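Heads up: the protein sequence lines correspond to chains P and C, in order. Each residue of the first sequence is one higher than the last, beginning at 1 in the working numbering. Each residue of the second sequence is one higher than the last, beginning at 365 in the working numbering.
By construction, these hints were calculated from the structure, which means they are not laboratory data. It cannot be assumed that every hint is accurate.
Selected chain P positions facing chain C (Cβ under 8 Å, derived; list incomplete) [stated by the list, open to error]:
no., residue
1, E170
2, G174
3, L245
4, E247
5, A248
6, A249
7, F250
8, A251
9, L252
10, G253
11, V254
12, P255
13, K262
14, V263
15, P361
Computed from a predicted structure; not experimentally measured. A virtual CB, placed ideally from N, CA and C, is assigned to each residue, including glycine.
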Amino acid sequence: MSIDTDKRDAERTAAVRPTEDKIARQGRLPRWSTPGALAAAAVVVGGLLAATGAFSVGLFVFLTVVLFAVGLYALSRVVEGARKATDRVVTIVVTSAFLLALIPLISVIWTVLSNGIARFDVEFFNSSMRGIVGEGGGAYHAIAGTLVITALAAAMSIPIGLLTAVYLVEYGAGSRLARAITFFVDVMTGIPSIVAGLFAYALFALFAGPGVRLGFAGAVALSVLMIPVVVRATEEMLKIVPNELREAAFALGVPKWRTILKVVIPTSVAGIASGITLAIARVIGETAPLLIAVGITTGLNFNPFDGRQATLPVFAYYSYAAPGVPRDPYIDRAWTAALVLIVIVMVLNLAARLIARLFAPKTR
Amino acid sequence: MGKAIEAIDLSIYYGSFRAVEGVNMSIRPKTVTALIGPSGCGKSTYLRSINRMHEVIPGARVEGRLELDGTDLYGAGVDPVGVRRQIGMVFQRPNPFPTMSIYDNVIAGQRLNNKRMRKDATDDLVERSLRGANLWNEVKDRLDKPGSGLSGGQQQRLCIARAIAVQPDVLLMDEPCSALDPISTLAIEDLINELKTDYTIVIVTHNMQQAARVSDYTGFFTIEGTGKPGKLVEMDETRTIFSQPKQKATEDYVSGRFG
Ligand SMILES: Nc1ncnc2c1ncn2[C@@H]1O[C@H](COP(=O)(O)OP(=O)(O)OP(=O)(O)O)[C@@H](O)[C@H]1O
Ligand SMILES: [Mg+2]
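All chains, full assembly: derive it from the sequences and hints.
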C-alpha cells in the first residue's frame, strides 16, 4: 500500500529530524479558508432559508455560525488533525461569544447616539429649563448639578476610601477589626443604590425635617456607593506593591507612615488613580438615590447646600417619565442627556487609562 | 563608623514559634562575619533581628540582649527606626524603588526622610556612594534613568550604594549574591572587601567559597529538625572554621557531608 510506505517513510525521516518533520507532515489550511468557509456557510444558509421562505436575520446568523463551525471543524480535522480542529472551533465559539456580548453595547450606543444627536447643540449646554415649555431649553443646570454633586461625593469618598484601604493593607492586615471592615465593605458593595438614597434622605430628614431635598444629601448617598468601590480598588493596588519595597525603605530608617506615603502609594498611584476614576464613572450615572435625595429643579443651582438641584440622570428620567405638551422636545432632551452622560463616562474611562499610563513606574 | 555587635543569649520568636535559640555572638568592628548553615536554621531571622527588621512581621519578638557598642538595641525607649539608620541592610533580591531614578534611589534614605540637603552636597553624596559601590562608572551618564532599568548585578550594587549613603555603622547582607551571575558576584565580593575598612559587615551566604573568600569570621548555625529552633553551633575565624572546627557538626557541614 502506498499510504503505508508513505507512513513508514515519514516515520523514518521523523526519527532523523523529529520536530521539523512533525511540522512539515501536518497539513495546513490556506489562510483564506476561514473567510471562505464563512462565506460558503452564509451562502448555503441564505439559499436554504430563501428557498423555505422563512428568512429572518437572527436565524440566518445563528445557522450560518453553526454551519461555519461544523464545516470548518470537519475540514480542519481531515487536513490538519484533531488538535488544530478543536482550536479552530474554540476560536469560533469565543469570538461569537464576544460579538454576542458586544451587540447590546453597540445597540445602546447607537440608539442613544441617533436619538440624542438632534438636541446635542449649543443651547443644550448653555441654557437651563427655567421658563421653558416645549421646544428649546437645555440641561446646563443638570450638567452643573451632576458635576457639583459628583465632585462633592468624590471629595468625601476618596480620602475615606483611600485611608481605609491603607489601614486594611498596611496596618490592620489580619486583625479582627480589619476583617470586620472588609466584611462591611463587601456588604456595602452590594447595597442597592435606592437604599443609599433612602439612607441619605432619612439622615437629612432627621435634621431638616421630612421632605428635605439637598444636593449634599445626594452626594452623601453617592459616597455610600462610592466608598466601597474606592476601598476595593485601592486595596488591590496596595496589595500588589511588593513587600520588598517596604522593607527596603524600613531598612533605610524610614518610618512606616513615610514609607506608605512616599514609597507604597507612589508605586501604586497609577492603579489607584484609575480605580478612583472608574469609581466616579460608576456613580455619576446613578439615578435612584438622587431622585429621592436631591429631586429636580428647572433652574441653575450651584449650591449643594441650598435646596434641590437638577442632575443629568434625574433630568433624563423626568423628561421621559413626565413630559409636557408637546411631548417630543422632552423626549429628545432626555436622549441628549443620556448621550451627555455616556460621553462623560467615556471621557472618565479614557482619563483613567491616561492617568495609569502617566503615573506608571518607568523602566527605561 | 564600624561598631561592634554583641548578642547575649538571644532567642527570636515568630509568635509562639521559637525560630532561633540562645545565640551568643560577638562581632568585632570593621570585620566581615559570614553566617552559614542549612536552610531554615534561622540565619535570616537572626540577621534581621540585628536591625530590628524582623519586627515588621506581626508577632515577631526577641528575648535576650543585643548590643551595638554597648547599647542595648532592644532597650526601653530605643526606636527601631533609629536602629535601622545605624544598621543598614541589603536583601537577597535587588529592590531598587521603581518610581525613582538611579540618583534618587541612592539618596532615597535622605529623600524619604525629608532631609534637606544642598544640591552640591547631594551630588557629592551620590557620587561617593556610587563609587563606594563600584557602580559610578557604569551609571554616571544615566543618573536620571529609572533604577529598575539596570541589570540585576547593577541593581544590587545600587542597593548597596543606597544602604551606604545613609552612612550606617553596620551593613547586613542576606544572600546578596544569590540572584547574581559569577561576574557580578565577584564585583560584590570585591566591594565587601573594600567596605570593611569602614563598616562592620555581616553576610548570610549559602556559598562556602564565598564565605571563605570574603569573611574574617564565620558563624555556623544549624537546626536539629523541623519545628526545632536554630542554634549557633560555633563561631570562629573563618580559617579555623574551614580547616579545624571544634564541632563535628561544623566539620560535616563545611566538608559537604551534611544534607
Ligand atoms: N515570617 C515568618 N513567620 C513565621 N515563621 C517564619 C517566618 N520567617 C521564617 N520563619 C521560620 O523561621 C525559621 C528560620 O527561617 P529563616 O528564614 O531565618 O531561615 P534561613 O536560615 O534564612 O534559611 P534560608 O537559608 O533558606 O534562607 C524557619 O523555620 C522558618 O520557617
Ligand atoms: Mg534566609
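Hints and how they fare:
no., hint, in the structure
1, E170, "11 Å, violated"
2, G174, "7 Å, holds"
3, L245, "6 Å, holds"
4, E247, "7 Å, holds"
5, A248, "5 Å, holds"
6, A249, "6 Å, holds"
7, F250, "6 Å, holds"
8, A251, "4 Å, holds"
9, L252, "4 Å, holds"
10, G253, "3 Å, holds"
11, V254, "4 Å, holds"
12, P255, "5 Å, holds"
13, K262, "5 Å, holds"
14, V263, "6 Å, holds"
15, P361, "4 Å, holds"
Violated hint: 1 only; the structure is consistent with all others.
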